[in-house]
Each structure stands twice: as C-alpha cells, then as structure tokens.
Amino acid sequence: MSNILNYLTTFWQMFRKDIQVEWRGRQGVPVMLVFTLLIVFLFNFALQLSPELQSGLAAGLLWVSLAFASTLGLNRSIGLERENSGLDGLLLAPVDRSAIFFAKSLSNFCFTMLVALILLPIFSIFYQQNMIRLPLIGVTLLGLSSYTSLGTLLAALSIQARTRDVLLPVLLYPLALPILIASVEASRAVLDSQPMDHFSSWIYLLLSCTLLFNAAGLLFFETILEE
Amino acid sequence: MSNILNYLTTFWQMFRKDIQVEWRGRQGVPVMLVFTLLIVFLFNFALQLSPELQSGLAAGLLWVSLAFASTLGLNRSIGLERENSGLDGLLLAPVDRSAIFFAKSLSNFCFTMLVALILLPIFSIFYQQNMIRLPLIGVTLLGLSSYTSLGTLLAALSIQARTRDVLLPVLLYPLALPILIASVEASRAVLDSQPMDHFSSWIYLLLSCTLLFNAAGLLFFETILEE
Amino acid sequence: MDKKPALLVFLDILSVILVPAALVLIVFFTPVEAVMGPVQKVFYFHVSAAWAGMLGFILAAIAGGGYLITRRFPWDWLSLSAIEVGVVFGLIAILSGMVWARPIWNTWWVWDPRLTTTAIMQLIYLAYFILRSGLNTPEAQARLGAVYAIVGVVTVPLTFFSIRLFRTIHPVVIASGSGPAFRMTPRMQLAFFTSLFVFTILLIDLVWNRFRLARLQAKIQQEVSQNAR
Amino acid sequence: MAKQTLTFSARIEIRGLTKRFHYHAILDHLSLTINEGDFCVLIGANGAGKTTLLRILAGLIHPTEGEIIFGSGQITNGPNLRRHIGYVGHQSMFYQDLTAAENLMHYARLYRLSDVDKAITNGLNTSGLDQYRNQPVRTFSRGMQQRLSLARAMLHEPEIMLFDEPYTGLDQEAVQFLDKKLKALNQPNRTILMAAHRPHRLLPMASHIAWLKAGKIVEHLPISQLHKSPALKRYLGAPA
Amino acid sequence: MAKQTLTFSARIEIRGLTKRFHYHAILDHLSLTINEGDFCVLIGANGAGKTTLLRILAGLIHPTEGEIIFGSGQITNGPNLRRHIGYVGHQSMFYQDLTAAENLMHYARLYRLSDVDKAITNGLNTSGLDQYRNQPVRTFSRGMQQRLSLARAMLHEPEIMLFDEPYTGLDQEAVQFLDKKLKALNQPNRTILMAAHRPHRLLPMASHIAWLKAGKIVEHLPISQLHKSPALKRYLGAPA
Ligand code: HEM
Ligand SMILES: Nc1ncnc2c1ncn2[C@@H]1O[C@H](COP(=O)(O)OP(=O)(O)OP(=O)(O)O)[C@@H](O)[C@H]1O
Ligand SMILES: Nc1ncnc2c1ncn2[C@@H]1O[C@H](COP(=O)(O)OP(=O)(O)OP(=O)(O)O)[C@@H](O)[C@H]1O
Ligand SMILES: [Mg+2]
Ligand SMILES: [Mg+2]
Chain A
647 MSNILNYLTT FWQMFRKDIQ VEWRGRQGVP VMLVFTLLIV FLFNFALQLS
697 PELQSGLAAG LLWVSLAFAS TLGLNRSIGL ERENSGLDGL LLAPVDRSAI
747 FFAKSLSNFC FTMLVALILL PIFSIFYQQN MIRLPLIGVT LLGLSSYTSL
797 GTLLAALSIQ ARTRDVLLPV LLYPLALPIL IASVEASRAV LDSQPMDHFS
847 SWIYLLLSCT LLFNAAGLLF FETILEE
Chain B
647 MSNILNYLTT FWQMFRKDIQ VEWRGRQGVP VMLVFTLLIV FLFNFALQLS
697 PELQSGLAAG LLWVSLAFAS TLGLNRSIGL ERENSGLDGL LLAPVDRSAI
747 FFAKSLSNFC FTMLVALILL PIFSIFYQQN MIRLPLIGVT LLGLSSYTSL
797 GTLLAALSIQ ARTRDVLLPV LLYPLALPIL IASVEASRAV LDSQPMDHFS
847 SWIYLLLSCT LLFNAAGLLF FETILEE
Chain C
3 MDKKPALLVF LDILSVILVP AALVLIVFFT PVEAVMGPVQ KVFYFHVSAA
53 WAGMLGFILA AIAGGGYLIT RRFPWDWLSL SAIEVGVVFG LIAILSGMVW
103 ARPIWNTWWV WDPRLTTTAI MQLIYLAYFI LRSGLNTPEA QARLGAVYAI
153 VGVVTVPLTF FSIRLFRTIH PVVIASGSGP AFRMTPRMQL AFFTSLFVFT
203 ILLIDLVWNR FRLARLQAKI QQEVSQNAR
Chain D
104 MAKQTLTFSA RIEIRGLTKR FHYHAILDHL SLTINEGDFC VLIGANGAGK
154 TTLLRILAGL IHPTEGEIIF GSGQITNGPN LRRHIGYVGH QSMFYQDLTA
204 AENLMHYARL YRLSDVDKAI TNGLNTSGLD QYRNQPVRTF SRGMQQRLSL
254 ARAMLHEPEI MLFDEPYTGL DQEAVQFLDK KLKALNQPNR TILMAAHRPH
304 RLLPMASHIA WLKAGKIVEH LPISQLHKSP ALKRYLGAPA
Chain E
104 MAKQTLTFSA RIEIRGLTKR FHYHAILDHL SLTINEGDFC VLIGANGAGK
154 TTLLRILAGL IHPTEGEIIF GSGQITNGPN LRRHIGYVGH QSMFYQDLTA
204 AENLMHYARL YRLSDVDKAI TNGLNTSGLD QYRNQPVRTF SRGMQQRLSL
254 ARAMLHEPEI MLFDEPYTGL DQEAVQFLDK KLKALNQPNR TILMAAHRPH
304 RLLPMASHIA WLKAGKIVEH LPISQLHKSP ALKRYLGAPA
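Going line by line, the protein sequences match chains A, B, C, D and E. Under the working numbering, the first residue of the first sequence is numbered 647, with each subsequent residue one higher. Under the working numbering, the first residue of the second sequence is numbered 647, with each subsequent residue one higher. Under the working numbering, the first residue of the third sequence is numbered 3, with each subsequent residue one higher. Under the working numbering, the first residue of the fourth sequence is numbered 104, with each subsequent residue one higher. Under the working numbering, the first residue of the fifth sequence is numbered 104, with each subsequent residue one higher.
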C-alpha cells in the first residue's frame with residue numbers, strides 16, 4: 647500500500663516539476679505551436695497542395711505537423727533532465743524509475759495535446775471543415791498518448807548517445823509510423839463522418855500501441871537509464 | 647595582404663576542423679540522410695500521395711526534406727561549438743569572427759549538399775523521372791548555399807537562448823521560406839524541361855538571397871557571438 | 003513616472019477622434035461597391051491595418067539598427083514596441099481580410115500566396131517573442147532581437163510584392179496591376195487615403211505609449227533588483 | 104512507513120570491482136572495505152579512477168565485474184538503497200531554470216522528507232545561500248552551485264556520503280561551513296568517502312586514507328598509521 | 104607578418120567598469136590597474152564577480168559601462184589584442200570528439216604559431232598528458248581536462264594571462280607543474296591575474312593581491328604590504 651503511495655508521490659512530483667519548468671520558461675508549448683503552423687504553411691507552398699485535395703489531406707497534415715512538433719517538445723523535455731547532469735540527480739533519488747517515465751510521458755502528452763487543441767480550430771478555418779468534433783478529439787487523445795509514450799522512451803535512449811541532439815527523430819519516426827497511420831486513417835474516417843465500426847480497427851491498434859509502449863516503458867526504463 | 651592571408655587561414659582551419667569532427671564521428675551526414683528518407687516515407691503514407699501526383703510533387707518533397715534534414719545538421723554543427731563552452735575558445739582566438747561564419751556555413755553547405763547528391767538518384771527511382779540533371783544540381787547548389795548561410799546565422803543566434811535545442815527551426819523556417827519557394831519553383835521548372843528564361847527570376851532571387859544572407863553574416867556575426 | 007509629453011497627449015486625442023471619424027467616413031460617405039456590396043468597406047481598414055503593421059516592422063528594424071550602433075536601451079524598447087504593435091495590426095489585417103473573404107470567396111481562408119506570406123510574416127514576428135523570452139539578460143534580448151528584427155524585415159517587401167510575383171486571386175490596387183482589381187472612385191480614394199493616414203497616426207501613438215511602458219518596466223525591474231539585496 | 108534506517112548499517116564492501124572502458128580497465132579487480140563510521144579520504148592521480156569509483160558506488164554507472172555490498176547486504180540495489188546514499192559529483196545536477204529553493208524542494212519531495220520546508224530552509228541557511236533562494240540556478244557562480252550541491256546531497260541526511268572533491272570552488276566562508284558540517288556528520292553510524300587532491304586539511308578529521316593507483320587500492324590505512332607508509336607520505340607531500 | 108608583440112606592453116587599466124545582470128550591478132564602477140610584470144591574485148567570496156571580471160578582461164562578455172585599456176592603449180579590441188591574452192576558465196573549451204593533440208593543433212593553427220608540432224608536444228609534455236595525446240577529450244577526467252586547458256592557454260605564450268581558479272582538480276604532480284610553470288612565466292613583460300580562493304600557496308610567488316567585494320576592489324596591495332590590512336589578513340585566514 648505504502649509502495650503505491652510512494653510511486654504516486656514520485657509520479658506527481660515529477661509531473662508537477664515539468665509543469666513548473668514549462669510555466670517558468672513558457673517555451674515548449676509556444677514553440678511547438680508556432681512550429682506546427684510553420685509546417686502547415688511550408689507544405690502548402692512547397693507541395694502546392696491544390697484546394698480540392700486539401701480537405702482530404704487535412705488529417706494527414708494535422709498528424710505530420712503534430713508528429714514533428716512533438717519531437718521538439720520531447721527533445722526539450724528530455725534535454726531539461728540532461729543539462730548539468732540533472733539526470734544524475736534523478737538516478738540518485740530513491741524512486742522507481744518507471745514512475746519517472748510515466749510522469750514524463752504524461753507531461754509530454756499534456757503539452758502536445760494542448761497544442762493539438764489549439765490547432766483544431768485553426769485547421770477548421772484553413773481547411774474549411776469542422777474539425778472540433780468529439781470523436782476527433784478522442785482519436786487525437788489516443789494517438790498522441792501512444793506517440794508520446796513511445797517518444798519518451800526513445801528520447802531517454804537517445805540522450806545517452808553523443809549525437810543526442812539529432813538522434814531522436816531518426817529513432818522515433820520509423821517506429822511511430824503505425825501510430826501515425828492509424829491516427830491519420832481514424833481521423834480521416836471521423837472527418838468523413840463514417841460510422842464507428844468502419845474504423846474501429848484503427849482505434850484498437852492505437853489502444854494496443856498505447857498499452858504496448860507504456861508496458862515497454864514500465865519494463866525497460868530502468869534499464870535504459872542506467873549507464 | 648597578410649590580413650587576407652590570415653583571414654583565409656582561419657577560414658580554412660575552421661572548415662578543416664568541422665570536416666575532421668564529422669569524419670571522426672560520422673554522425674551528421676548519415677543522420678541527415680536517414681532522416682530525409684524517413685520524411686519522404688512519412689509523407690507518402692500520411693498524405694497518401696498518389697503515384698500520378700508524385701511526379702509534380704517530387705521537387706517540393708525534395709526541398710522540404712532537405713530543409714528539415716539540414717536543420718538537424720545545423721543544430722549539430724553549432725552544438726559542437728557549444729559543448730563545454732567551446733564557443734569561448736573560439737571567441738578567445740585572435741581571428742576574425744566572420745571567417746568563422748563563412749567556414750561554418752561552408753561546412754554545413756558541404757554536408758547538406760552531399761546529402762542532396764545522394765538523394766537525387768534515390769528520388770529519381772522513387773518518382774520515376776531522371777533527377778540527375780546538371781541544371782537541377784545547379785539549383786540545389788544555389789538553394790542550399792543560401793539556406794545554409796541563413797541557417798548558420800540563425801543557429802548562432804539560437805544557441806544563446808535557453809531553448810536552443812528547439813529554437814532554430816522556429817527562427818529558420820519562416821525566414822527561409824522565400825529561398826524554399828524559389829528553389830522549389832526553379833526545380834520544378836527544370837524537371838519540366840522549361841527553358842532557362844522561364845525561371846531565371848527565381849534564380850536571381852536565390853542569388854540575391856545568398857548574397858544578402860552572407861552579407862548579414864559578415865556584418866552581424868561578431869555582434870551575435872559577443873555575450 | 004514622468005509626465006506624458008504634450009505631443010503624445012495630442013496624438014492620443016487625435017487618434018481617439020480620428021478613428022471614429024474615419025469609420026463615419028467609410029460607412030456614410032463611400033459608395034457601395036457594385037460587385038462585392040457593403041462588405042467591400044472592410045477594404046479601408048484592411049489595407050490600412052496591413053500597411054500600419056508593415057510600417058511597424060520596418061520601424062522595428064531601423065530601431066534595431068539604432069540599438070546595434072549606439073547600444074542604448076531606448077532603441078530596443080522602440081524596436082520591441084514597434085513589433086508588438088505591428089503584430090496587432092497584422093492580426094487585424096488578417097482578421098478583416100477573413101471577414102471580407104467569407105462572402106467574396108465563400109470561405110474564411112484560401113491557400114493564396116498573399117494570405118500565406120502575410121501569415122508567415124506574422125509567425126516570423128511571433129518567433130521574435132519566443133527568441134526574446136529564451137534569452138537571459140536584457141542585453142542579449144536587445145542585441146539578438148535587433149539582429150533578428152533586421153534580418154526578418156526582408157519578408158516585408160516579399161509580402162508586399164507577393165501578389166505581383168505569384169498568380170493570385172488576391173486583388174492588386176496600388177501599382178498598375180492587371181489582376182482582378184477594382185477601380186476606386188474618387189470618394190473611395192479619399193476614404194482610402196484618410197484611413198491610411200489615421201492608421202499611421204494610430205501606429206505612432208500606440209508605439210509611443212508602448213515604448214513608455216517598456217521604459218517603466220525596465221525602471222521597475224531595476225528598482226526591484228536593487229531592493230532585493 | 105517503517106523507517107528502514109534503523110536496520111541499515113553504513114558499511115561498504117567492494118569485492119573485485121572492475122570497470123572497463125573500451126576494454127581498458129580503469130578499475131581492475133579493486134577491493135576495499137569501509138566500515139560503518141569511517142571517514143575515508145580517497146586519493147589518487149588525475150585519471151586514476153576516483154570519480155569512476157564513486158559513481159559506481161552511487162549507482163550512477165554499472166561496474167563491468169565485481170560486487171558491492173552495502174551494510175549487511177540485505178538491501179540490494181534499488182530505491183531503498185538509494186535513500187541512504189548522498190553524492191556530490193563534479194557537476195551540479197540542477198534544473199537551471201528553477202530557483203535554488205525550488206530545486207531543493209523538488210529533491211526533498213522525491214526523497215519524501217517529512218518536513219520539506221524546514222529541510223530547505225535549513226539547507227539554504229547552512230550553505231549561506233539564503234539571500235539567493237529565489238534566484239534561478241542558471242545565474243549562480245561556480246562556488247554557489249557547489250554550495251547548493253552540498254546542501255542537496257545532505258538534504259536527506261544519508262548514512263553513506265560520497266564526496267568528489269567537495270571543496271572545489273568554495274570560498275573561505277564555505278570551506279568553514281563544510282568543515283563544520285563534516286565534523287557534525289562524522290558519526291558512528293555514518294560512513295564518508297571523499298575524493299580529494301590536497302587532503303592535508305582533512306587529515307585531522309578523517310579516520311582512514313585510501314590510495315587509488317593503477318586501478319587498485321594500493322594503500323588503505325588509518326590516518327594514525329600514516330607514518331608506516333613512506334610512499335604514501337611522499338605522495339601526499341608537504342601541506343600546501 | 105610583423106610581430107606586434109614587440110610594442111605590446113602587458114599593462115591592464117580598468118576604469119569605472121560596471122556589469123549589470125538584470126539591472127543588478129555585479130561589478131560596480133570598479134577600477135584597477137595592473138602593471139606590466141605584476142602577478143596579481145584576485146580574491147573574493149563566492150558570487151563576488153571574479154569570474155565575471157576575468158571574462159570581461161578576456162573579451163568574452165561585454166561590460167555595461169566603463170573601459171579597459173591594455174598596454175598603452177594603441178591596440179584596441181579585436182584579433183590583434185586577443186593574441187596577447189590567455190585565459191583559463193571554469194570550463195574546458197574543447198571539442199569533445201577530437202583528441203587532445205587535435206584540439207591543441209586546432210588552437211595552435213588559429214593562433215598561427217610558427218612551429219605547431221613543437222608547441223603541441225611541448226604543451227602535452229609539460230602538462231603530463233603525453234600518454235593520452237590520442238584519446239578523445241570526452242573521456243578525460245576533470246583533472247586531465249584542466250591540465251589540457253592550461254596547456255591550451257599557454258600555447259601561444261601570451262603576455263597577459265588570466266586564470267580562474269587554475270588549481271581546480273589538479274593532483275599533486277600537476278600542481279607542481281603549474282607552480283613551476285607560473286614561476287617561469289612570471290617575467291617582467293608578462294602580467295598574470297589569477298582568481299583563487301585559497302591563495303596561501305601563491306603568496307610567495309605573487310606580487311600583488313586584490314580583494315573584490317560588493318562589486319568593487321576594496322584592497323589592492325603588494326604582497327609585502329599585506330600586514331597593513333588587517334581586514335584582508337583576517338579574510339585570508341590561516342593557511343589551510
Ligand atoms: C485572410 C485574408 C487576407 C489577408 C491575410 C490579406 C492580406 C492583405 C495584406 C497584408 C494587404 C496589404 C499588402 C499591400 O499593401 O500590398 C492586403 C491588401 C489588400 N487586400 Fe487583402 N488580405 C486578405 C483577404 C482579402 C480579400 C478577401 C480581399 C478582397 C477580395 C482583399 C483585398 C485587398 C486589397 C484590394 C488590397 C490592396 C492591395 C494592394 O494594392 O496592395 N484582401 N491584403
Ligand atoms: N568513456 C571513456 N572511455 C575511455 N576512457 C574513459 C572513459 N571515461 C573515463 N575514462 C578514463 O577513465 C579514467 C578515470 O577517470 P576518472 O574521472 O574516474 O578519474 P579521476 O580519478 O576522477 O581523475 P580526476 O582527479 O582528474 O578527477 C581516466 O583516465 C579517463 O581517461
Ligand atoms: N545571468 C545572470 N543573471 C543574474 N545574475 C547573474 C548572472 N550571471 C551571474 N550572475 C551573478 O553574478 C555574480 C557573480 O558571479 P561570478 O561567477 O562572477 O562569481 P565568482 O566571483 O566567480 O564566484 P565563484 O567564486 O563562486 O566562482 C553571482 O552573484 C551571480 O549570481
Ligand atoms: Mg574526478
Ligand atoms: Mg568564479
């Protein structure tokens with residue numbers, strides 16, 4: 647009993663600290679937000695997406711830009727622990743390391759989800775369709791939660807490499823591809839107002855990815871962090 | 647006279663050192679290469695680009711992926727100078743700081759250009775058209791040279807910020823947009839085998855961007871680096 | 003806090019009077035445009051706001067240059083103020099353009115080069131705030147902010163000329179455009195130039211007030227940090 | 104929550120410890136026992152492996168071979184063990200954007216101290232950083248960071264204290280504070296292991312001295328027996 | 104290339120130097136003159152501003168106000184001035200992936216030394232890092248990095264040497280090397296300014312001592328006059 651309590655205390659404290667740092671610097675969320683908008687503009691220009699196409703593309707663009715932006719967030723969140731060997735400080739603390747994993751992935755999730763929630767109305771305007779729908783928010787929630795737990799795991803892996811600054815995307819994108827595809831497909835189905843059972847398989851895929859990567863975090867985070 | 651010689655010595659030494667570090671770690675170019683390929687796959691999946699479309703999109707995709715990848719390279723290249731206050735060491739050296747700027751932008755250019763040269767044949771296969779054409783290589787050369795000089799300038803700006811890990815893309819992409827548009831348009835024109843005078847205005851735009859940003863480097867790099 | 007200079011008070015009053023006056027002029031004096039109908043009246047504020055925004059960004063770049071040469075903080079406050087006010091005007095231009103676009107193009111937004119470059123220009127200056135907030139000392143903020151404001155100003159002409167560079171559905175009025183432009187009647191021209199003038203006055207007034215606020219903030223910070231030890 | 108501290112004995116036994124980097128053994132079948140209550144000064148040349156040894160003991164890096172037994176060996180690695188260890192390393196381990204007080208608070212909470220506020224105030228007081236408590240750690244000078252590191256490591260009053268050149272960057276005032284603190288800490292149920300290059304000032308306080316050389320502990324004596332090892336005495340040289 | 108060294112006089116004159124961080128003055132209209140040939144020890148509490156002062160002198164940060172005149176003032180800031188300055192700071196300033204020799208080579212080339220190889224071999228030799236010359240700096244221990252930093256700063260034999268706690272992390276052997284090197288460097292045409300917390304070992308070598316307190320130099324005396332300032336003597340305390 648007291649063990650679970652300890653676990654939750656650690657979890658809560660780590661999470662709170664992340665929020666505190668973000669609040670102090672107010673850098674993660676604005677950077678991600680500006681970055682997603684930039685990507686959208688960049689793509690529209692460079693790929694000269696024609697207007698007819700775009701309504702179908704909205705879901706794809708949403709997820710690509712969220713994926714890129716959340717890499718920034720992940721990099722920053724884990725860079726935070728690395729500055730001046732802050733990681734050592736964590737490793738010294740008498741806490742379960744998997745609690746650290748869950749806290750970090752929750753805070754990453756919260757920041758990315760916040761960005762997504764701001765993005766949805768903007769996309770609605772840009773792509774002329776109502777994207778503020780409960781099922782779409784649900785899909786975003788699921789997709790991002792599995793994406794950020796995988797991302798947190800891999801970010802912890804990548805900071806130990808000399809090339810930590812650039813390694814994360816290379817590790818993350820290929821592994822995250824199933825998540826992204828499932829999220830895009832499910833979002834597209836929601837936007838096309840398809841009935842739930844047409845895309846439920848994607849939802850199941852997302853659910854199992856979330857479970858899988860969180861389990862991986864629980865199992866491996868300790869191993870990843872030790873040097 | 648001896649001043650110019652000194653300037654060139656500094657330039658050459660800084661450039662050589664960058665090549666040496668890259669050779670030692672062999673981290674920049676491979677990471678960039680893998681990253682560009684990943685982006686191409688990701689887009690094909692997420693945006694469900696259909697094969698007919700793709701030939702028109704090839705130029706756009708080429709430049710978007712090069713832009714993303716070279717951000718990684720820039721981050722790494724400037725991160726190198728920052729580790730253990732290596733920047734202080736440079737600032738102490740009795741050298742013109744603008745020579746450092748030119749050396750850094752040249753080495754960034756070389757690495758990105760290398761990636762581009764490997765990418766062109768790969769794109770040729772993916773998008774079923776011959777992209778290994780001299781004019782296209784010329785456009786790539788011009789586009790990347792102005793992109794990397796702007797990037798080097800902004801990277802030097804961003805490392806002084808607390809959020810250096812994530813700031814560069816946010817600063818770079820919007821400012822680089824003219825370069826990217828011009829490069830995409832010119833590449834497209836080349837791929838469509840248009841005569842030179844149809845797209846010469848883009849080439850002039852690229853040339854003037856290169857000049858402009860190099861001049862900005864010459865003028866401001868000293869100011870940027872001082873603390 | 004020192005007293006407001008008389009000129010600034012005058013500007014305050016002037017803008018309080020002029021903005022409603024221009025509004026009256028636009029609503030009652032100008033004719034209703036034949037094709038677009040009453041919505042076209044957004045035009046006057048739309049273009050003026052865009053103009054004022056760009057003017058703000060150019061002013062910021064000049065002030066940035068001033069800081070780099072003299073290294074005196076007032077230049078930095080001016081640069082920062084001009085960008086802040088410029089961003090607000092830019093937002094007004096985009097929002098009013100959207101209001102206009104809704105009935106004309108039957109959508110809030112199209113991926114038109116003009117619209118996109120305008121939005122990107124906005125993002126450039128939003129990134130300016132992110133840059134500043136990541137820097138630790140006012141000196142660094144001023145110095146790097148100045149460099150960025152100068153480098154960033156290149157997109158202003160690009161935005162201005164984007165309708166002339168690209169094929170676009172966005173109209174061209176100034177310069178001898180051949181695109182889907184509309185002719186201005188003399189009354190329209192009068193209202194147009196009046197609102198340009200009014201927004202320029204408003205820009206100067208707002209930047210000046212914001213500048214004084216920045217100076218006050220610096221003073222407070224100074225006092226706080228002196229009392230801290 | 105039952106205090107495990109009661110049953111914990113702060114003894115460190117290192118058996119056949121080896122650490123290789125790229126097949127080069129930095130620590131080479133090193134064995135050393137530090138008894139509860141000892142204050143052992145670890146000396147050795149630059150690059151001898153002192154930091155490596157201390158980091159292994161702190162659980163920050165894993166040895167290639169060998170084992171380390173803490174206390175009577177019941178508590179094996181994991182959170183329960185880490186609660187009893189305090190470590191001050193070469194780096195300061197703080198969140199640069201948070202203030203001194205917030206950083207200590209974070210650690211105090213992770214260690215689940217019962218009276219967080221008191222622990223922090225106490226830590227900041229004894230390290231003389233009271234007036235800087237609300238300043239971000241990023242702006243601290245080297246010595247201030249070192250003071251804060253010391254405060255952090257002692258926050259939870261661990262039984263095993265590992266110090267890696269703790270006097271680095273401290274000014275006269277801070278040195279005195281640390282001296283006093285060390286004297287107070289040096290109790291029968293607490294073990295101190297400290298890497299130091301100029302240990303003369305420590306000799307009156309410490310109980311043992313260990314000399315790390317070529318990956319092994321070549322000497323490990325009580326301070327009182329120092330005269331028995333002329334090589335060690337020569338290495339130490341005259342007090343600076 | 105005419106050697107400007109001939110006309111350079113290694114005198115430092117600081118006039119009304121102020122450095123503010125967030126409007127709080129760390130250095131507050133500080134004035135100090137160090138004559139050519141002086142060896143001045145800079146003391147002051149943690150956070151007094153020693154590092155800030157040295158970094159300003161090295162040209163790494165810009166003062167808020169005030170001026171610094173080197174030599175007779177002909178050579179103003181810029182590359183020509185930096186050639187005459189050597190600085191050892193709190194951090195090591197190396198490319199972590201390059202080896203010790205490659206790093207020194209890089210700096211030697213930037214300083215355009217005439218005999219690069221000799222300078223490097225010499226530097227590595229005197230700092231006792233010969234055997235590690237082809238090891239990446241990333242793997243160096245703290246003391247080894249510090250040794251290499253010293254070698255780097257002396258590579259071009261500058262006339263003005265700024266040291267920020269150079270003894271940090273050095274073992275007995277390296278301390279002796281540095282002592283010897285300092286004695287050799289201490290020549291009439293060379294000026295040394297060194298921040299140190301425990302300057303007792305330096306007193307026999309140094310010529311002056313300056314005390315930085317509350318943003319100002321409150322004492323600046325020749326060592327021989329030390330007895331005239333009881334406050335300073337008290338601050339220094341007994342030799343450790
Ligand atoms: C979100 C939508 C829009 C944005 C962001 C936007 C942006 C701008 C900007 C920045 C300018 C000033 C640049 C300059 O002076 O060259 C401008 C001018 C103008 N806009 Fe828009 N606009 C939008 C929609 C519209 C719409 C729907 C119309 C009318 C059909 C329109 C008509 C004009 C006209 C006539 C000018 C003056 C053009 C000139 O001569 O330069 N705009 N717009
Ligand atoms: N990753 C690595 N690869 C190879 N060698 C390494 C690595 N890390 C450390 N070493 C070597 O391990 C040795 C011991 O380093 P350590 O930091 O433990 O020394 P130390 O005794 O603390 O020295 P100092 O007194 O200088 O702090 C050094 O010789 C160093 O070169
Ligand atoms: N960016 C900053 N913002 C606010 N204060 C700062 C900043 N940088 C440094 N300081 C303050 O400047 C003071 C002087 O720092 P400095 O590093 O020069 O001290 P020092 O004399 O070298 O101390 P030490 O002996 O600990 O190395 C410190 O009090 C520090 O808090
Ligand atoms: Mg060590
Ligand atoms: Mg210092």
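It should be emphasised that the hints constitute simulated quantities derived from the structure, not laboratory data. Among these hints, one or two may not hold up.
Derived, one-sided and incomplete: chain B residues facing chain C with beta-carbon distance under 10 Å [to be verified]:
no.	residue
1	Phe657
2	Trp669
3	Gly671
4	Ser804
5	Ala807
6	Leu821
7	Leu853
8	Leu864
9	Leu865
We treat Cβ as the ideally placed atom computed from N, Cα and C, and that holds for glycine.
Consistency of the hints with the structure:
no.	hint	verdict
1	Phe657	22 Å, violated
2	Trp669	32 Å, violated
3	Gly671	27 Å, violated
4	Ser804	7 Å, holds
5	Ala807	3 Å, holds
6	Leu821	6 Å, holds
7	Leu853	14 Å, violated
8	Leu864	13 Å, violated
9	Leu865	9 Å, holds
Figure legend: structure checked against the earlier numbered hints; hints not met, in rising order: 1, 2, 3, 7 and 8.
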